[in-house]
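Engineer: Two chains, two frames, a set of hints: combine them into the complex.
Each protein sequence line maps, in turn, to chains R and F.
Residue numbering for the first sequence follows the working numbering, beginning at 1 and increasing consecutively.
Residue numbering for the second sequence follows the working numbering, beginning at 1 and increasing consecutively.
Listed next, the stretches of chain F that the computed footprint assigns to chain R, with coverage defined by at least 3 CB atoms under 8 Å from CB atoms of chain R:
| hint | stretch |
| --- | --- |
| 1 | 34 to 43 |
| 2 | 114 to 124 |
Here are the computed lysine to any residue pairs in the SDA-like style, where the Cα-Cα straight-line distance is at most 20 Å:
| hint | chain 1 | residue 1 | chain 2 | residue 2 |
| --- | --- | --- | --- | --- |
| 3 | R | Lys61 | F | Asn92 |
| 4 | F | Lys17 | R | Met123 |
| 5 | F | Lys47 | R | Ala64 |
| 6 | F | Lys17 | R | Gly65 |
| 7 | F | Lys87 | R | Tyr62 |
| 8 | R | Lys127 | F | Ile128 |
| 9 | R | Lys161 | F | Tyr116 |
| 10 | R | Lys161 | F | Glu120 |
| 11 | R | Lys161 | F | Asp118 |
| 12 | F | Lys17 | R | Arg124 |
| 13 | F | Lys47 | R | Gly44 |
| 14 | F | Lys3 | R | Met123 |
| 15 | R | Lys117 | F | Phe28 |
| 16 | R | Lys160 | F | Glu120 |
| 17 | R | Lys61 | F | Asp48 |
| 18 | F | Lys3 | R | Asp67 |
| 19 | R | Lys61 | F | Thr89 |
| 20 | R | Lys127 | F | Pro25 |
| 21 | R | Lys127 | F | Lys67 |
| 22 | F | Lys87 | R | Ala64 |
| 23 | R | Lys117 | F | Tyr24 |
| 24 | R | Lys159 | F | Glu120 |
| 25 | F | Lys2 | F | Val18 |
| 26 | F | Lys112 | R | Asp150 |
| 27 | R | Lys127 | F | Ala125 |
It should be emphasised that the hints constitute simulated quantities derived from the structure, not laboratory data.
Cβ atoms here follow ideal geometry from the backbone N, Cα and C, with glycine treated the same way.
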Amino acid sequence: MSQVETKEPVKKLEKIFPKYFELFTLPEGAREESFEVYRACRSGKCDKASFLPTYEEQGFKYLAGDDPKNPSIYSLSTYIKPRDVKRFASMDSDMQIPYKIAIGRTEPEYGLAQPSKEWDPEMRMRKSSHVDWWLYKDATPHEIFTLIPDWESYFEEFKKKRDEKNEKVCDNK
Amino acid sequence: MKKFVTINNYGDLIMDKVFFEASYPILFTCTNSNKDLFLCVCCQNNKDGRKWLLNKVSPVTVIKLLKDKITIREAFLTNNECRISIKNTVENTEITYNDATDWAEDSIYLPKAGEYMDAEEDEFAEEIAYYTNNYVVSYDGKYDKTFEDALEFFENELVSYANDMSSIEEKIKITTSKFVQILLDVNNLQLDKMKQILTEYGSNLTEEKQETEYEAVDDDNSDMLDAA
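Bound conformation, chain F alone (with noise of 0.2 Å):
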């Protein structure tokens, strides 16, 4: 394990994963001792010197980019919490934070727009492979254990929503491996959007109940008009 870089909070960074490279590492993770994880990019490399980009990502981010799901850019974009920017000339290595150029929408130094990893099928299986079963799965900062320690959270959570429309159950046929099946679909645990997803499910539905139950006003009515 080579190491890479040492910055403010988060100490020395170590090489993880290579994912693309010439002559030297393009893109790749870096780790810490607190298993932080951190995508890299060296986005120059002249006779100005060599110059990374690196950013806080969780390993989901990872393997959402290992999978083609989201661009690289967008991998870099995920999270502004830690920006950093190293530049590297014979002279010195001059790192920055939060680099309002380096970081901004129109950068030059990001990734180029709408470009994927593009990657060959099974090309990252392994790194897909490392990530999803060894390594720390941070959800919104509220979870931060394994990846079957999480999937465990998950399935708690399922349940709770399941319980929380237990009103509904019924009538919407979903148990909790329906659940579980849509967490999958969406293929990226991401919690807030399966959220999203049952509550547009619920609202339909809450909206058919009521529909249903005008009919049965307008019948009643129409019969006590009848009656009249």
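Just chain R, with the same shape it has in the complex (with noise of 0.2 Å):
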């Protein structure tokens, strides 16, 4: 389940952030790595539409509640763990049935990436799996992850192996 491979290769790109990256600070911990992370398809596709930041899915506005100095508007929101993209899907009225989810790894090439609970005081109290992924100007991530082809089965194994090692764990006590 861990082993991604990519789509297309990543590109090689210039390292330049989006004009309104100059709205906040970046945390100090973003960084190039590579996490393994799902992300929610709301168009139903592995798309660009799919695979945008935040401020841009609000259409480059700012909505209530928001913060505007939060750098996490401005990132790409993935999941490290499939129970909170599921999560995500469940409660999103964009999320269609059934649940369109893509997985693949926050590419260094493609911008800098940190769980949000390292930087975020308020989250670093809960168990959160969130992951910012802060992308350059031309990043083009959604060539390099993939549509899980059925995500019940996918999810329905993953919680399955969850609990044989939560069993296993219960035994050893």
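Structural biologist: What follows is the structure, given as structure tokens:
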């Protein structure tokens, strides 16, 4: 489950962020690190529309509750844990059934990444697996992510393995 | 503590606990100065704006949600007392109450049917302890005190049931502690459910008792017939 092959070769990009990155300061820990993550594809496809940072999804506007200085608004939201991407899909009205979930890696060539709980003191308290991925201007993450063909089965399999692991831990106690 | 919204009859709602988030909080609770509790979901976040659904809930509902006893959707539908929709665009914020579309059975804005939190072991242990120990327990509007007080209330209720059933107590060998065990087994502090269990238990026993009496009568009759 953890080995992911990218669809397209990773492109060499100029490491320039979009202009709106002037609006905030990147967390110090934002780094070139390859995390395996999941992305919920709202368009139903693994395409550019499904891989927009929150600020772009919102039409380059702030909505109620947004703090313009919050770095997370400008990142592409991804999750390390399948349970979290599933929660997102189950509560976001733009997500259709069957869920279209893509898996891939936060490719360093395409931007800087950091688990949100590392820099956000509020998230640190919780067990969120949310990862912010601040993309360079010409990044095309949808080209290197792969749509999971049958998310339901994938998640069931994941849960089964998780439960088995928990049972083993209990047995060893 | 961050103010979330001001609504009719309930005043300012302050964000309480966040259970799930993306770049913005998605599933969270709010509370007000009266300690009313609201479950909130951000169900839409796109270029058309941001939308939330809120419903007044009991802490027990929140605990059930976090323990995967009920689906996320069910948690929003347990109560129809105060169903709120908030739609925010750049231009304005619109608050509607009991919106027929948003809260309809086939609503696309409610969390999808059949979906649980699928919590990991102890993932929400802290939040469950918070609602169990510190929050207000409301039970059918009859009771509104701390959780410890509520437990005392339930114990008193249980004793009362035990007394009511004293006539058959000896036969069923059930004690207050057994009642408490039943209560813990159902694991949701639902007195109605417990009443139902006890009533069914009692009626089964009554039937058994009646059957025994009929048998006794039959025996008596057979004696009489024999004598005749």
